[in-house]
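Enquirer: Turn these sequences into a full structure, and let the hints guide you.
From first to last, the protein sequence lines stand for chains A and B.
First residue of the first sequence: 15, per the working numbering; consecutive thereafter.
First residue of the second sequence: 265, per the working numbering; consecutive thereafter.
Among the hints, a few may not be true.
Derived Cβ-Cβ restraints for the label pairs, each shown as a range [as the list claims (entries may be wrong)]:
#, chain 1, residue 1, chain 2, residue 2, range
1, B, G468, A, R437, 25 to 33 Å
2, B, A326, A, R118, 31 to 39 Å
3, B, G468, A, N256, 55 to 63 Å
4, B, G452, A, Y349, 48 to 56 Å
5, B, V656, A, L434, 37 to 45 Å
Since the hints were made in silico from the structure, they are not lab data.
Each residue gets a CB set at the ideal place from its N, CA and C atoms; glycine is no exception.
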Amino acid sequence: MTVSATGCAVAAEQSAPRVVRNESGQREVFCGLTGIVWLHRKIQDAFFLVVGSRTCAHLIQSAAGVMIFAEPRFATAIMEEKDLAGLTDANIELDRIVTQLLTRRPDIKLLFLVGSCPSEVIKLDLSRAALRLSQRFSPGVRILNYSGSGLETTFTQGEDACLASLVPELSLARTSEDSLLIVGSMADVVEDQFIRMFDALGIGPVQFFPPRKSTALPTVGPNTKFLLAQPFLLETARELENRGAKRLAAPFPLGVEGTTGFLRAAADAFGIAPAVFDKVTEPNRARAARALEVYRTELAGKRIFFFPDSQLEIPLARFLSRELSMQLVEVGTPYLHREHLAEELKLLPADAAITEGQDVDLQLDRCRLARPDIVVCGLGLANPLEAEGITTKWSIELVFTPIQGYEQAADLAELFARPLVRRAKLVA
Amino acid sequence: MQLTVWTYEGPPHVGAMRIATGMEGLHYVLHAPQGDTYADLLFTMIERRDKRPPVTYTTFAARDLGGDTAELFKSAAKNAYERFKPQAMIVGASCTGSLIQDDPGGLARALKLPIPVVTIDLPAYQRKENWGAAETFYQLVRALASPSAPAPGTARPERAPGVRPRCNLLGPTALGFRHRDDIIEITGLLGKLGIDVNVTAPMGATPADLARLGDADFNVVLYPEIAGQAASWLHRIFHQPFTKTIPIGVSATKEFIVEVAALAGVDPAPVLKAAATRLPWYSHSVDSTYLTNKRVFIFGDATHAVAAARIASEELGFKVVGLGTYSREFARDIREAAKLYDVEPLITDDYLEVEAKVAELHPELVLGTQMERHIAKRLGVPCAVISAPVHVQDFPARYAPQMGFEGANVIFDTWVHPLMMGLEEHLLAMFKDDFEFKDGAMPSHLGTGHAAPVAERPAEIDAPAAEAVLVSATTETTTTAAVWAADAEKELHKIPFFVRGKARRNTERFANENGVATITVETLYDAKAHFAR
Ligand code: SF4
Ligand code: SF4
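Expert: Okay, here's the thing in structure tokens:
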């Protein structure tokens, strides 16, 4: 369990270099398979087949919480003893399972074979399997693969791996016209709000990735400018850049400031006059700021501690400290993508204690010692901390709830206010 | 490979976690990647435990695979010992951990920790959660109790006169269905018989407690799925007999009392006489007449499913139309029981197969796990939960055992509640033309969530539109090819609304099965006669 503190270059524009604590040890985070829980709802004709163990099946089922669907659009091909014995057999078995699945589910247009730790350790090559099966099932079904294994991916990185695997499938944009691509899954309602906003600004055409239907994939090319709506899309961004697309540096659309910065990056890139930008965004900014007022009274001065989870921690900390005047005790994040987060780090208070990586026991020690007013953490830690008298907010809700954009800024603040209000209310 | 949508059981190391988390003073060091830490939430969220499970995961990642994962394991085990100071430790690997072949047992021994370290080897690609729990408990009992084992061939010393008989309660674990309350109920029952509990394990026991299991005169096996193996070993080595009856239901509880009384050498009569249970009288009361031959489908772990079938049939007067288990290890028990009710035993851990069976059998009540709760909800059939796996609502705040006489009371309430009350059914029929009883008004106990339109065809409402097509594979039997003639449709509407949905389904099923294209009034009554019991 090592800990090292290093000055890092991203903070060059600030007076003192930003100190980031690097920690390694036991992590208490989900693996990338978890992304299937929201991705399968987002891309409505895609199916996710995990090639893994009973643990993988159990993880997704537990993370999905209450089951409501008879046959969801995900499943696990659980490997058994004989699959471990020889790769030929494992491949034959996989083909059998995929055939069985596709026969049963003719509605599937896009199938992801999702790698797991066991499939990786035994070196089952899912990219070859995907190729082989694609040939068999094309043109009806497209078959891709990515890894959601805990060896390679932490929680939201599963979405990154999934989207990255889709980028080569995007067709080339055949126009010389600039277009905007919004990358990272958001709730449909949030996308619709952004569409109206870009319309009003006169920015277009605008496409979203991932799309709601796999048959309506966006196009990409040298005239594509893209904005990341999520902070965990390193590989996806790299793939898009390989296709010639250009990333617009921007903060993430959380809170009024983040959303404004996000929209402004697009407006600047599309040559929208500042006066137009202000005229279009001002009503929404004002409305969102008004909605935040009540939460500022509740949250100002409250001390918050983040355990690493979704990589949303840095933008969230920026929003909570700057727009709601909360104090940052520690901001843990599984990874710190300094490039994608550059705009965020510029805004984050210089003295914010950032931790990259995790040793959960040491972090719990620090948390207990600091006695923050509220802790953002995963489901395994929440109740034990509550039992110690520490108020918590489950981080997983932050990836399942619409939180981006002006209209959701207050909803986002409310997610943090509610646990505090609740604790204050309960007398027994 | 096995295509799996939902699983009844987790992997075997989750079973080991249920033992470790139930116990005190034991720590589990698990060689596993980071994602496997999800298992903590089963305990902290579903069971609402106020402490983290005592588990240290090594969380090795891809970059460690080239390097030294063995070293990672050793430092994790060493740190865990120093931080948590457990009385004993278990070590093992999850499904991925076992593939990298680091030998956690050997590595842990090399640390020379001053506490017992027990290696738990679980075949992750063959076995499942309950098996893992049983194996872990057995290995722990063996390792910790062995030192005090009597020399082979020596008989158990007679209990000194005047000393109260003692037994161990074996099997309750973390995440078990009502284990928490069953312990209280059975401990109380044994107390009334004059029998003391020496150790309850694994739930609440420390490693030191396991070391003195041999002090008891006999063992009470509450959950054979978990404690069966350990009890057989204790029988062989310590000559402790163990109980075979599972005290779920009134008759079984009485038999259990007789069985333990015999093992303890006490008189069961006073306790049998004082039996405080309302189930038999409630079941005999006239309002319960409507329960007669209600068709019930039962699925769960073998112990709870077999017990439920007996109660359903003998104590509530239901008709068992389906019985099954997801636990292949205990398939034999279910097969035996299925003969009693003349039904085909269903041994499967394929959720879709269970759903298809429920759809096919048209039960009026489903008794199952949280999985069957979802099946029943989708098909619009009332349901009560009788077995793990369960969800957060199955860890109620109130005292709600399944075992003993109070358990029988709880069972009466929870199984009967989802059904429409007989008296209420009668009144509704009588006043159905009253202005307040408009079509679609549902019994108040079914809640507002079941308001108006749901009454007629709940199955259609509960299946989300996007997924509805997918369900069709299993509900095909109820989708109609036959069309309703106008007069038949009119006649259908004269049938009280709370049974109309069923009448419609049965008629359509009858029509389809008999190749009737147009449903007439005659078809309606033919179907009614066909399905009449
Ligand atoms: S960490 Fe690996 S083995 Fe565990 S659930 Fe995730 S992919 Fe499966
Ligand atoms: S509706 Fe309410 S009051 Fe009437 S029988 Fe059901 S539970 Fe009792």
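Enquirer: Hint by hint, say whether it matches the structure.
Expert: Consistency of the hints with the structure:
Between G468/B and R437/A, the C-beta spacing of about 30 Å keeps the proposed range 25 to 33 Å intact. Our hint of 31 to 39 Å for A326/B and R118/A holds, since their Cβ atoms are close to 34 Å apart. Taken as a hint, the range 55 to 63 Å holds for the pair G468/B and N256/A, whose Cβ atoms sit roughly 58 Å apart. Range check, G452/B to Y349/A: Cβ separation about 53 Å, and the 48 to 56 Å hint holds.
Evaluation of the 37 to 45 Å hint for V656/B and L434/A yields a failure: the beta carbon distance comes to about 23 Å.
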